[in-house]
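A.B. asks: Below, each chain spelled out in residue letters.
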Amino acid sequence: MIYLDANATEPLRPQARAAALAAMETGGNPASVHQAGRAARKILEEARERVASFCAARPADVIFCAGATEANALALHALGHDRPILIGATEHDAIRAAAPHAEIIPVQPDGQVDLAALKSLLVAHPGALVCLMAANNETGVLHDIAAAATLCAEAGALLHVDAVQAIGRCNQDWLALGAASLALSGHKFGGPPGAGALVVRENLEIRALIKGGGQELGRRGGTPALPAIAGLAAALGAPYDAAQIAGWRDEIEQAALAAGAVAIGAGAPRLPNTICLALPGVRAETQLIGLDMAGICVSAGSACSSGKVTASHVLLAMGQGDLAGQAIRVSLPWNADVEMVRAFQAAYEPMARRALRKTVQSA
Amino acid sequence: MKVVVAMSGGVDSSVVAGLMAREGHEVIGVTLQLYDHGAAVGRKGACCAGQDISDAKRVADRLGIAHYVIDSETRFKQSVMAAFADSYADGQTPVPCIACNQHLKFGDLLDMAKDLGADALATGHYVRRLDGPNGAEMHKAVDETRDQSWFLFATTQAQLEFCRFPLGGYASKAQVREIAAEMGLAVAEKADSQDICFVPTGSYDKIVEKFRPDALSEGEVVAEDGRVLGTHQGIARYTIGQAKRLPDKAAHMVVKAIEPGTRRIIVGPRGSQSRIVKLRDVNWLTAPGALRASVKLRARDSLHPASICPDGSGAVLELDEPAIAAPGQAAVFYEGSRILGGGFIAA
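Each protein sequence line maps, in turn, to chains U and X. One rule links them: number in the working numbering = place in the first sequence (from 1) + 1062. One rule links them: number in the working numbering = place in the second sequence (from 1) + 2.
Take these hints with a grain of salt, some might be off.
In silico SDA-like cross-links for lysine to any residue, where the CA-CA straight-line distance does not exceed 25 Å [stated by the list, open to error]: (1) K79(X) <-> T1372(U); (2) K116(X) <-> Q1407(U); (3) K116(X) <-> M1063(U); (4) K116(X) <-> D1354(U); (5) K1181(U) <-> D1144(U); (6) K4(X) <-> Q1407(U); (7) K116(X) <-> R1415(U); (8) K116(X) <-> P1342(U).
Hints in this document: simulated from the structure, not taken from any laboratory. Small disclaimer: the values here were computed from a predicted structure and weren't measured.
Next up, chain U with everything else stripped away, as it sits in the complex (with noise of 0.2 Å):
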């Protein structure tokens, strides 16, 4: 099996998979007072720190959560609760579902946000919360964070920055930037599901989504999963050989150019390891079930909980029409070598040679 799926999960990291045994091992509830209790607590802060070191954050500034769905939800439920919303049009589901009423902020045709209608968005919409992705999850595309965060501060509006698929992979100062807040996600850098984290700027004041037991400093009730917030903190600065994995992503991307494939987003700064292909005229299913048989994990488009594939709101919003419905997102995870690169260029030509010949005939 070839894995090529890592924007959907990262394989886990040697470090987060000791670390996370190692809480395991030491059980314990951080809440307790006893012996048993301070062990775990140890853990939990320790990892605390190691997030909030590699944020440029404070500790108390750290909310471990169950993911980054979470995150994104308790930053709109804190933050966006008294301002109006605006979401890229290209977000996740995490933040779109969450902000369902929230204005849209336009992409370019590249995918980076357009940033003269955020402009005027932020006129009309005085004191906003704005949530931007730092990269994009189905094509790579990375935002201009830096450039949306002075407009925010200009306006006075606040900006929250989903990181998910940028930590690990392409890393910024988002806070030093001016993000007020950014949610992350253990599993998509290499440490195992189950824990995130939303950093917050200093005194900037969260309202718990589950109260709870108020754990987090009342911020996020229910015990930590320590196992996966010490495996994240772990995976957290692992080494990422970016440069690497850039050649390879390029090596893949021209074999399939050659086979008759679309690169979408690749006129934009985009993530390593990110490339979203499209097919003209062959269903992604197809592609993706053809390339699931030779034995290659990749996917498309966003797929619901029943697996059932539907037209990209991404690819959409980037004014990709029919190509919405007929792209694969290829992914390379941090362990990814040459054999992997062969192998899906050996797999993809023959099936994209296939399903073109039809298309070709019916045409």
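For this one, chain U is given, so just place chain X on it according to the hints.
C.D. replies: Chain X only, in chain U's frame:
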């Protein structure tokens, strides 16, 4: 052999997947998502997929085969649901299952199976595909009470060659359920599906209303001599030969004709039925030509001996004895257990 199995989540197609896997084929289960289940049952927030897709996935997991869900909502809406409403608005009586088999299962899904390099498409239909001297032949199921051949007449010869219908040879549904239980499939006792899957309440008015509200507007019920006998609440509620829902003055009469332009329902005494029936869009599963056959004019109908004469892309039926023939329904030609072809009854 590499086989795509169309899995609905019901017991029949689940058993087909199991049988194919047991025979050692590489099985790829595919479920077509035809409509938004949450919207169909009117429950906000319900999953778009519903229980059937999750059942199909569980069966695939149990059998250890690959399984994919294909979004066919747009296609289903256009080719089946809208066509269904249009047909009623045109004064006809459609058969949506035939349209679905024709356009989705043996159209899009079969094409996809070929794109994937599969050797065959297997479904849970109760019909047999037998090898004949001139290629594959379609025959009625051994269990005639389950036979679905009437719904499959539009399958072309080329499609038939690619298809497999493993259940057509079984003596009864009970036997199929036994195999399901033996395979440890959780769907073994699942209830049979309903007649029209996208009309969960059994009343199709809402679908017609959504696509073609004009087909549910009031009109006149008129005798064959032009006398107005009363009013009706929409031509979509009527089919040729129907005696229900007619005004008191038309008691003991049946619908003879439906006029979409004037929205009039023409009624007359029972019995005066037609002998000549024109067909459109005829599909031949034998060499096209004039022939004698037994013809079935509705899903649950007896056989009518007739002479069939090709006429362009259609055909003309001359029934030995007059019978009710409702436009939009299918007329399927049988010779013994074999299906020779069929067409849609023209208006």
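A.B. asks: Now look at each hint and say whether the structure bears it out.
C.D. replies: Tested hints:
1. K79(X) <-> T1372(U): 15 Å, holds
2. K116(X) <-> Q1407(U): 22 Å, holds
3. K116(X) <-> M1063(U): Roughly 23 Å separates the two Cα atoms, so the pair holds.
4. K116(X) <-> D1354(U): Within the cut-off at roughly 16 Å; holds.
5. K1181(U) <-> D1144(U): 20 Å, holds
6. K4(X) <-> Q1407(U): Holds, at about 23 Å.
7. K116(X) <-> R1415(U): 13 Å, holds
8. K116(X) <-> P1342(U): Given pair K116(X), P1342(U) holds - Cα atoms ~18 Å apart, limit 25 Å.
In summary, this structure violates none of the numbered hints.
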